[in-house]
Amino acid sequence: MEVRAEMVANVWKVVVAQGDSVTDGDTLVILESMKMEIPVLAEGDGTVSTLHVSEGDVVQEGDVIAVIE
Amino acid sequence: MFETVLVANRGEIARRIIRTVQRMGLKAVAVHSEADVKLPYVREADESVAIGPAAPAQSYRDVEVLLEAARQTGAEAVHPGYGFLAEDAEFARRVQKAGLVWVGPSPEAIEAMGDKIRARNLVAEAGVPVSRGTTRPVGDVEEAVRSAHDIGYPVMVKASAGGGGMGMAVAEDEAALRVELERVRGFAQRMFGDPSVLLERFFPRVRHVEVQVLGLADGRVVALGERDCSVQRRNQKVAEETPSPAVTPELREQLFAAAVRAAEAVGYRNAGTVECLLDADSGEVVFLEMNTRLQVEHPITEMVTGIDLVEQQLLVAAGRPVTFDPDAVPTSGHAIELRVNAEDPVRFLPGPGLITAWEEPRGPGIRVDSGYTVGNTVTPHYDSLMAKLVVHGADRAEALDRARAAVAAFRVEGPKCNLPFFAELLVHPEFVSGDYDTGIVARMRG
Chain H
1 MEVRAEMVAN VWKVVVAQGD SVTDGDTLVI LESMKMEIPV LAEGDGTVST
51 LHVSEGDVVQ EGDVIAVIE
Chain P
1 MFETVLVANR GEIARRIIRT VQRMGLKAVA VHSEADVKLP YVREADESVA
51 IGPAAPAQSY RDVEVLLEAA RQTGAEAVHP GYGFLAEDAE FARRVQKAGL
101 VWVGPSPEAI EAMGDKIRAR NLVAEAGVPV SRGTTRPVGD VEEAVRSAHD
151 IGYPVMVKAS AGGGGMGMAV AEDEAALRVE LERVRGFAQR MFGDPSVLLE
201 RFFPRVRHVE VQVLGLADGR VVALGERDCS VQRRNQKVAE ETPSPAVTPE
251 LREQLFAAAV RAAEAVGYRN AGTVECLLDA DSGEVVFLEM NTRLQVEHPI
301 TEMVTGIDLV EQQLLVAAGR PVTFDPDAVP TSGHAIELRV NAEDPVRFLP
351 GPGLITAWEE PRGPGIRVDS GYTVGNTVTP HYDSLMAKLV VHGADRAEAL
401 DRARAAVAAF RVEGPKCNLP FFAELLVHPE FVSGDYDTGI VARMRG
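Residue numbers (my numbering), protein chains in the order written: chain H, 1 to 69; chain P, 1 to 446.
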């Protein structure tokens, strides 16, 4: 499952690491956009197989943040 | 009195300040980044100066560029608005050193209240009730754990230099505290350049009630009214009202007295707001922090008192008396403000974009302070506020009725817009009853 950014934002905190297991609702990263903190959540259970962002990156709408398998 | 005022801000607040500056017969200078060149405030000013690219660090927060704009235009006073450098004591000092009038409190007062821990200690000494919490930034994790044990869970972990509702997290127990400490510190370092955190007792059912104060040129501090700002999402206010449905005349007297004492503790001049938490369960009020600037929601206080707060700010900064009798602050009716943001009405995620339609509501008791109009682009560089819809009525019921009609008549297309959320809020039983707390938005979406 690809977790994508829903809007242009800065990645201010990466909470999980590659290889971590996650369950539905776990915070993967926290984005900052327009002076708001926006958590990006896992939408199912699985393992973080790839993490595509680092703290400080700028993501565009639609960019893949992580892949959960 | 100075004749030219440089407004060191953008969008709706710049526009609103410019309006009063011009009404007073003074000249208004606007500054704008490349992203804001087409916004209404730029052409409404008497003169405008381009100050750099969109990024705030290179425009609205660039001290040198702002001072140069003042020098270039012959501005004699600087009004910082809110956000950006409005609570930056160093900017205030630089403005004063350049021989300009700073429209705001002294740099020392800004500093005293800018550090949340120092502010709490200062007002506590002046007899203002404060919430149980740390009296200095927490050192290491083990010290934090001991402090939290004394304070009692749940605790709020907050960035000491934070603001705007960012950099705060609740920890229900020790395990959560250890996680949140690290998170908040990291965030604070990145956002504010200062990793200090403090711990405070967290009240589960609380109302955010704040008091508008004004320190006059003669040294007196007056309280002009309270505002209830409990409708929040992500710890940020989205709707405010005055008077607060939770505040009785007796509590109002206590609140005003405490707020005036807090401001007097730092020899406060000009406009400021003392923010408090009202524990909905016990009725206890505690000092939270003081904002040493004009607040976003100041218009609701203006609507019930008939006082133009920006005008008073300029007069106080010029050493002049205010336009109203400080011993008889007028108050009439009820006012509500709704922050019309470029965000979706369900999950409140930001959605900037080109505005293809913009029609503001009009009618008795309606005031719209907007930063944008049709053809403007709301960009992702700044906060999502597009306009403030402010509604006054003879009483709360009339204000609510007028607000519902105004929300229905307000048309915004292009960016995401949270107007449908306000349509929901204004008929939501908890809000309509007046008996709500800071958990209301979560309950509406839960």
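No wet-lab data here; the hints were simulated from the structure. The beta carbon of each residue, even a glycine, is placed where N, CA and C say it ideally should be. A few of these clues could be false.
Derived DMTMM-like pairs: lysine to aspartate or glutamate, alpha-carbon spacing no greater than 25 Å straight-line [claimed, not checked]:
| hint | chain 1 | residue 1 | chain 2 | residue 2 |
| --- | --- | --- | --- | --- |
| 1 | H | Lys13 | H | Glu43 |
| 2 | H | Lys35 | H | Glu69 |
| 3 | H | Lys35 | P | Glu64 |
| 4 | H | Lys35 | P | Asp383 |
| 5 | H | Lys35 | P | Asp327 |
Calculated Cβ distances over 10 Å to all of chain P for the following chain H residues [as the list claims (entries may be wrong)]:
| hint | residue |
| --- | --- |
| 6 | Glu6 |
| 7 | Met7 |
| 8 | Ala9 |
| 9 | Thr23 |
| 10 | Gly25 |
| 11 | Asp26 |
| 12 | Glu32 |
| 13 | Ser33 |
| 14 | Met34 |
| 15 | Glu37 |
| 16 | Gly44 |
| 17 | Leu51 |
| 18 | Ser54 |
| 19 | Asp63 |
| 20 | Glu69 |
Notebook entry, point to check: Which of the numbered hints are not met once you compare them with the structure shown?
Noted result: Checked against the structure, the hints that fail are numbers 2, 5, 6, 7, 8, 12, 13, 14 and 15, while the rest are satisfied.
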